[in-house]
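Enquirer: Quick mapping for you: the protein sequence lines, in order, are chains A and B.
Residue numbers for the first sequence follow this note's numbering, beginning at 49 and rising by one.
Residue numbers for the second sequence follow this note's numbering, beginning at 49 and rising by one.
Among the hints, a few may not be true.
Heads up, the list lumps identical chains together, so a pair's fine if it works in one copy or across two of them.
Claimed, not checked - In silico lysine-lysine, DSSO-like type, Cα no more than 27 Å apart, as pairs:
#1 Lys72 - Lys104
#2 Lys215 - Lys174
#3 Lys150 - Lys72
#4 Lys239 - Lys207
#5 Lys84 - Lys174
#6 Lys178 - Lys215
#7 Lys178 - Lys128
#8 Lys104 - Lys84
#9 Lys72 - Lys61
#10 Lys178 - Lys150
#11 Lys104 - Lys65
#12 Lys72 - Lys84
#13 Lys84 - Lys61
#14 Lys207 - Lys150
#15 Lys72 - Lys215
#16 Lys150 - Lys84
#17 Lys84 - Lys65
It is worth saying that the hints were derived from the structure and are not from the lab.
Residue-level listing of the chains:
2 protein chains.
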Amino acid sequence: MSGYPRQLEILIKELTKLPGVGEKSAQRLAFHILDKDEDQVDALAQSMVNAKRQLKHCSVCGNLTDSDPCAICSDPGRRKDQICVVETPRDLMAMERIREYKGTYHVLYGVISPMDGIGPEDINLKSLIKRLQGQDVEEVIIATNPTIQGEATAMYISKLLNPAGIKVSRIAHGIPVGSDLEFADEVTLLKSFEGRRTI
Amino acid sequence: MSGYPRQLEILIKELTKLPGVGEKSAQRLAFHILDKDEDQVDALAQSMVNAKRQLKHCSVCGNLTDSDPCAICSDPGRRKDQICVVETPRDLMAMERIREYKGTYHVLYGVISPMDGIGPEDINLKSLIKRLQGQDVEEVIIATNPTIQGEATAMYISKLLNPAGIKVSRIAHGIPVGSDLEFADEVTLLKSFEGRRTI
Numbered sequence: 049m050s051g052y053p054r055q056l057e058i059l060i061k062e063l064t065k066l067p068g069v070g071e072k073s074a075q076r077l078a079f080h081i082l083d084k085d086e087d088q089v090d091a092l093a094q095s096m097v098n099a100k101r102q103l104k105h106c107s108v109c110g111n112l113t114d115s116d117p118c119a120i121c122s123d124p125g126r127r128k129d130q131i132c133v134v135e136t137p138r139d140l141m142a143m144e145r146i147r148e149y150k151g152t153y154h155v156l157y158g159v160i161s162p163m164d165g166i167g168p169e170d171i172n173l174k175s176l177i178k179r180l181q182g183q184d185v186e187e188v189i190i191a192t193n194p195t196i197q198g199e200a201t202a203m204y205i206s207k208l209l210n211p212a213g214i215k216v217s218r219i220a221h222g223i224p225v226g227s228d229l230e231f232a233d234e235v236t237l238l239k240s241f242e243g244r245r246t247i
Numbered sequence: 049m050s051g052y053p054r055q056l057e058i059l060i061k062e063l064t065k066l067p068g069v070g071e072k073s074a075q076r077l078a079f080h081i082l083d084k085d086e087d088q089v090d091a092l093a094q095s096m097v098n099a100k101r102q103l104k105h106c107s108v109c110g111n112l113t114d115s116d117p118c119a120i121c122s123d124p125g126r127r128k129d130q131i132c133v134v135e136t137p138r139d140l141m142a143m144e145r146i147r148e149y150k151g152t153y154h155v156l157y158g159v160i161s162p163m164d165g166i167g168p169e170d171i172n173l174k175s176l177i178k179r180l181q182g183q184d185v186e187e188v189i190i191a192t193n194p195t196i197q198g199e200a201t202a203m204y205i206s207k208l209l210n211p212a213g214i215k216v217s218r219i220a221h222g223i224p225v226g227s228d229l230e231f232a233d234e235v236t237l238l239k240s241f242e243g244r245r246t247i
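Just need the whole structure built from these sequences, with the hints factored in.
Expert: Below, the structure is given as structure tokens:
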């Protein structure tokens, strides 16, 4: 019992369920919300309900979308024979921002992580296999994160697809542009060295 | 244009309006909200709307309440001749947690701050004066924060009320309990020295 009116207590409790929001932050957010106009609070609340109600996973690539198939999958200008595999819709958006890739995507919603009890069947992988059986795919580009789990997932997918004659590639890891060799960690520098190209 | 579906973009935009929530945090929160069940999202959204719709300021003390007068003002067990002046409802709750004070409150919703163009008429002070005219008050305890603005507000109120013969007191400032003299700043130590009591 915090002593606040019941409605405020409920609001604070709901806010603490958000990631990274503790009791103190929730109180701060709650009072901020109460300071807003009724219209603004309604807009915030409605945006949550609308996003949750109207956004679904694309039945082809798994990306979040309000139409099925999603805008990318249904775009005739995008190459259907290139599939870039990413962990999350946010990674997909990061790839889109480079404005270079003209293929399609597949969103895994996670990575294989035996330590956490997450196996290949727990991520959106089955639909990728099904997708590859149904259409001609030239290249699968794996853009999972350069973590142990991301690498393991990349290895798993490449071992799965190579026997079927599908080219599987991995995005390059190395020194970030604008960064300094001196401050790079050993693993990144090793990846950078291994991935060297003739110029 | 982030490239996300429209509903998601709206949600992210609404979330960035919250204090301390930037673009990246808003994206993280948005995806977290989409990961929840529909029921949970509804509960969160509804808690905001309900709190905003149903909570009002107490017509006596200004505290947030769902009934008017608020629970404290309408409690016959609380002394009406003691009024503790605080800056915000959160400060009021902090005072309540000590379980010692049995008087009533007055919430200013701010402090006098000429630098920010906030004068006595911009905070909830007029209603305090009106309240003091309407009832016998023995003591006004000023519990504004020990900041320059909080002190200035305390001084302003005491100068205003002293001629009317109302006792005005200020909560003590000094070394926090459990803290170390060595690490106290000079101003706190000075306040602590000035406020010394015979034991």
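Enquirer: If a hint holds in the structure, say so; if it doesn't, say that too.
Expert: Hint by hint, here is what the structure shows:
1. Lys72 - Lys104: Between copies, since 22 Å is at most 27 Å while 33 Å is not.
2. Lys215 - Lys174: For Lys215 and Lys174, only the intra-copy Cα distance (18 Å) is at most 27 Å; the inter-copy one is 76 Å.
3. Lys150 - Lys72: between (45 Å within a copy, 25 Å between copies)
4. Lys239 - Lys207: within (20 Å within a copy, 71 Å between copies)
5. Lys84 - Lys174: between (46 Å within a copy, 23 Å between copies)
6. Lys178 - Lys215: So Lys178 and Lys215 pass the 27 Å test inside one copy only (16 Å; across, 81 Å).
7. Lys178 - Lys128: Intra 14 Å, inter 74 Å, cutoff 27 Å: intra-copy only.
8. Lys104 - Lys84: Between copies only: 13 Å across, 30 Å inside.
9. Lys72 - Lys61: Cα proximity of Lys72 and Lys61: in one copy and across copies (11 Å, 23 Å).
10. Lys178 - Lys150: within (22 Å within a copy, 70 Å between copies)
11. Lys104 - Lys65: Both: 22 Å inside a copy, 25 Å across copies.
12. Lys72 - Lys84: both (19 Å within a copy, 22 Å between copies)
13. Lys84 - Lys61: Both, since 19 Å and 15 Å are each at most 27 Å.
14. Lys207 - Lys150: within (25 Å within a copy, 72 Å between copies)
15. Lys72 - Lys215: Answer is neither; intra-copy 51 Å and inter-copy 34 Å both fail.
16. Lys150 - Lys84: neither (43 Å within a copy, 32 Å between copies)
17. Lys84 - Lys65: Both. Shortest intra-copy (21 Å) and inter-copy (10 Å) distances satisfy the 27 Å Cα cut-off.
This entry does not satisfy hints 15, 16, going by the numbered hints stated previously.
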